[in-house]
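Chains as they are written, first to last, in this note's numbering: chain A, 1 to 443; chain B, 1 to 443.
One or more of the hints may lead you astray.
The list treats identical chains as one, so a pair stands whether inside a single copy or across any two.
[Stated by the list, open to error] Simulated pairs of lysine-lysine, DSSO-like, Cα-Cα distance not exceeding 27 Å:
(1) K80 x K63
(2) K343 x K92
(3) K92 x K345
(4) K92 x K296
(5) K7 x K142
(6) K170 x K63
(7) K296 x K107
Just so you know, the hints here were simulated from the structure itself, not pulled from any lab data.
There are 2 protein chains.
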Amino acid sequence: MLPNSIKQVLRQGAKSNVTVYGHVKSVRHSKNVGFADISDGSGKSMAAVFKDPSKFLEAYPLKVGQSIAAVGRVTESRGKGQEYELLMDSVKIIGDVPDSYPIQKKKINVQTLRSLPTLRHRTQTLASVLRLRSTLEARLSKFFVERDFIKVNPPVLTSSDCEGAGETFKVEKSSEFFEKDTYLTVSSQLHLEVLSQSLSRVWTLTPCFRAEMSHTNRHLSEFWMLEAEISFIDDVQQLTNFVESMIKSVVANDIPDLIDSRFDPKDREEISRRFELMRGQWNTITYSDAIDLIAKYMPGEANVVWGDSISTAHEKWLAGSHFKSPVFITDYPQEQKPFYMPKSKIFDESRPTVACFDLIIPEIGELVGGSLREWQLDPLKQEMLSRGMNIDDMQWYLSLRENGTVPHGGFGLGFERLVCYLSAMDNVKDVIPFPRVPESCTC
Amino acid sequence: MLPNSIKQVLRQGAKSNVTVYGHVKSVRHSKNVGFADISDGSGKSMAAVFKDPSKFLEAYPLKVGQSIAAVGRVTESRGKGQEYELLMDSVKIIGDVPDSYPIQKKKINVQTLRSLPTLRHRTQTLASVLRLRSTLEARLSKFFVERDFIKVNPPVLTSSDCEGAGETFKVEKSSEFFEKDTYLTVSSQLHLEVLSQSLSRVWTLTPCFRAEMSHTNRHLSEFWMLEAEISFIDDVQQLTNFVESMIKSVVANDIPDLIDSRFDPKDREEISRRFELMRGQWNTITYSDAIDLIAKYMPGEANVVWGDSISTAHEKWLAGSHFKSPVFITDYPQEQKPFYMPKSKIFDESRPTVACFDLIIPEIGELVGGSLREWQLDPLKQEMLSRGMNIDDMQWYLSLRENGTVPHGGFGLGFERLVCYLSAMDNVKDVIPFPRVPESCTC
Chain A
1 MLPNSIKQVL RQGAKSNVTV YGHVKSVRHS KNVGFADISD GSGKSMAAVF KDPSKFLEAY
61 PLKVGQSIAA VGRVTESRGK GQEYELLMDS VKIIGDVPDS YPIQKKKINV QTLRSLPTLR
121 HRTQTLASVL RLRSTLEARL SKFFVERDFI KVNPPVLTSS DCEGAGETFK VEKSSEFFEK
181 DTYLTVSSQL HLEVLSQSLS RVWTLTPCFR AEMSHTNRHL SEFWMLEAEI SFIDDVQQLT
241 NFVESMIKSV VANDIPDLID SRFDPKDREE ISRRFELMRG QWNTITYSDA IDLIAKYMPG
301 EANVVWGDSI STAHEKWLAG SHFKSPVFIT DYPQEQKPFY MPKSKIFDES RPTVACFDLI
361 IPEIGELVGG SLREWQLDPL KQEMLSRGMN IDDMQWYLSL RENGTVPHGG FGLGFERLVC
421 YLSAMDNVKD VIPFPRVPES CTC
Chain B
1 MLPNSIKQVL RQGAKSNVTV YGHVKSVRHS KNVGFADISD GSGKSMAAVF KDPSKFLEAY
61 PLKVGQSIAA VGRVTESRGK GQEYELLMDS VKIIGDVPDS YPIQKKKINV QTLRSLPTLR
121 HRTQTLASVL RLRSTLEARL SKFFVERDFI KVNPPVLTSS DCEGAGETFK VEKSSEFFEK
181 DTYLTVSSQL HLEVLSQSLS RVWTLTPCFR AEMSHTNRHL SEFWMLEAEI SFIDDVQQLT
241 NFVESMIKSV VANDIPDLID SRFDPKDREE ISRRFELMRG QWNTITYSDA IDLIAKYMPG
301 EANVVWGDSI STAHEKWLAG SHFKSPVFIT DYPQEQKPFY MPKSKIFDES RPTVACFDLI
361 IPEIGELVGG SLREWQLDPL KQEMLSRGMN IDDMQWYLSL RENGTVPHGG FGLGFERLVC
421 YLSAMDNVKD VIPFPRVPES CTC
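So here's chain A without its partners, still in its complex pose (with noise of 0.2 Å):
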């Protein structure tokens, strides 16, 4: 039905007259052998060997980035790194390219590579990091479905914005269309409390959107967010526990195919790195705790104080150098966080914390934020009411404190940012087919 991807060919092993298809990454030669390296962008590339160079390029003139049709025999390579390779015997050329094709086989830094958006996945690393997030989701789907969470899709399109989340975009003339306002959603969490309390667990990956102005490393106007929302749950352990395990599922193996063949050395002792790490002890502290460390020992902090906010350097530094593990940070103070948190267990009138955590991974900075929602009607619409917030549009959520309430916690994690630490990139921009930030939605 289809023809055999690269990947399928190295699969089947030896096997006589075989096509292979692909684009030429690189061609090289000495006076009676020649090399031509192809990839399909399915995984590992195929080494393909021909004979009698000057007579063999003379009738097939391979360039690099052309697509071609290779046709010839697989064997077992006498090569370094491969298994199998492709003794060619002839080639189609199927579309050429020019001089100026700007993929070749010198590596392109990345920040460049932004430049070519529709032929940066033509290279090793851009292709191998959007096949380990494909990897990472199905991994993820796995752990979800295994513990009997249903997947759903909440909305993009709302009328509500989850308080405090962030800017948004508004769609234009949307009050025409829809009779309302209608924004591209921050947050998928209120609606899927709605659904956890019809379905019990519930999790979703998909986008959202935040219209703010931020210029970094770990920023996207329009990003992918996981996340979760489980009925019949009071404590925040429950969530930290079921995150470290959601992420330990993911980690728990390698993925050789992915890495050994795509990144460069250094790339490779990097990641696997990073997946040790993730594999190993990680730390539960409250924001108080953290405060304390950080005005103790982090150079140059000694000024910090409760109440203080915990900055992303804040975060690297206790994660990345003091702990050098993830470390969850639970029990914020009230003020930093929104409205729907239920007050801390353990409750200090005179320093308000509520029931939350935020988990912080080396390099990155918070990957997963998450709470329990108060789920009690009257300290709720109180909250609301103390912040000012506009009851009236918020009754469809204050109603599921009115039908048969539940005690329900959740989380969200920026799957850009697991992506984008577990395959050692510096960038979110990176781990996106098409990164959207301000001033750049190119095609």
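For chain A, the structure is supplied; the task is to place chain B on it using the hints.
What follows is chain B alone, placed relative to chain A:
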């Protein structure tokens, strides 16, 4: 970590001292014994039995809609239709309900339920539809993983529009934020074409948007589309064979857990019939054949001639009445289709057609649309010019044809239509949690 769901409790079988969490769905009693139905939406509900009803209900005043934690012993059931039941010793009422709680035991029609967006998924029918949807997605994922497809996330925000696919929503002030007018995607096809030329085989399941003022039972302003794009293919039949095996893989096994327990007998029968029909023989005809059949055999349609559109009514008649099977219609007139479709293999100058297909199914009409894509620069450019398109805006797309271009094709499947058909629902509004349609974007 998490309390057991009812699905898990039922899986574990007979056991003492079990706590069951969920909502009360019904309560009834005779003089000596009482029954309550408890559901948490995870699957089948738990039948709970209690003795000495007047005393029990005085201690625990159960009402439909309450959330509860029921404690007792799980034993093999003496009732029909369920394996286990809970002999209930005590109940904690967690969240109470007002007398006006609208989701009572009596079946409510789906139109009425749409006015209860936060509660409607507590009904057996709509909860089971969301579970079916989740299972279908998992099965589709498995199909693609097994065939080495990479799952990718093309952008929702785009500065291009997939020409001809439909009216777009525009993001307000996008030209300020992104320095370009930015729209919500109507189809990911063009971006998937880019990625398929790097990764060979890609697929996605992603939200798409159409700003059309249509009020039908098969259209949503926001819907989820499964799209795939495949390199190194050059025949429409490769696509139709692929789509047929994809959908057959999804219906290969019944979903007894979802179907048996949740729908009323009439629905169950209809669902089984639809699964069966999808597993049977499919048919393929050309557009020209389809027009002939309609004109010849469809009542009242004798005037239909070559060049006319095949309407939804025609589609339903062809698939539902004439063939009684899913039907691929191939090779539509060029002028009915977008710019990127190449000429048909067998091309008649007097009746120019393109290498494309629609999959139509009974009850629904079009479920999938796909085609080969014109992969050579000159004919593509000429077609765009002849349609008066702006070549400059599409330079990124055209550049693919200049840099190692590859014959390729793909398709898009409206996911809600598949869920709607297989769950025997009448309206796509009832198979997505929060439907968005003109004049309606509640919560």
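Results of checking the hints against the structure:
1. K80 x K63: within (24 Å within a copy, 72 Å between copies)
2. K343 x K92: between (68 Å within a copy, 23 Å between copies)
3. K92 x K345: between (69 Å within a copy, 21 Å between copies)
4. K92 x K296: Cα proximity of K92 and K296: none, with 67 Å in one copy and 47 Å across.
5. K7 x K142: This pair counts as both: shortest intra-copy Cα distance 23 Å, inter-copy 17 Å.
6. K170 x K63: Close neither inside one copy (47 Å) nor across copies (42 Å); limit 27 Å.
7. K296 x K107: Intra 44 Å, inter 63 Å, cutoff 27 Å: neither.
The structure does not agree with the numbered hints 4, 6, 7 stated previously, though it agrees with the rest.
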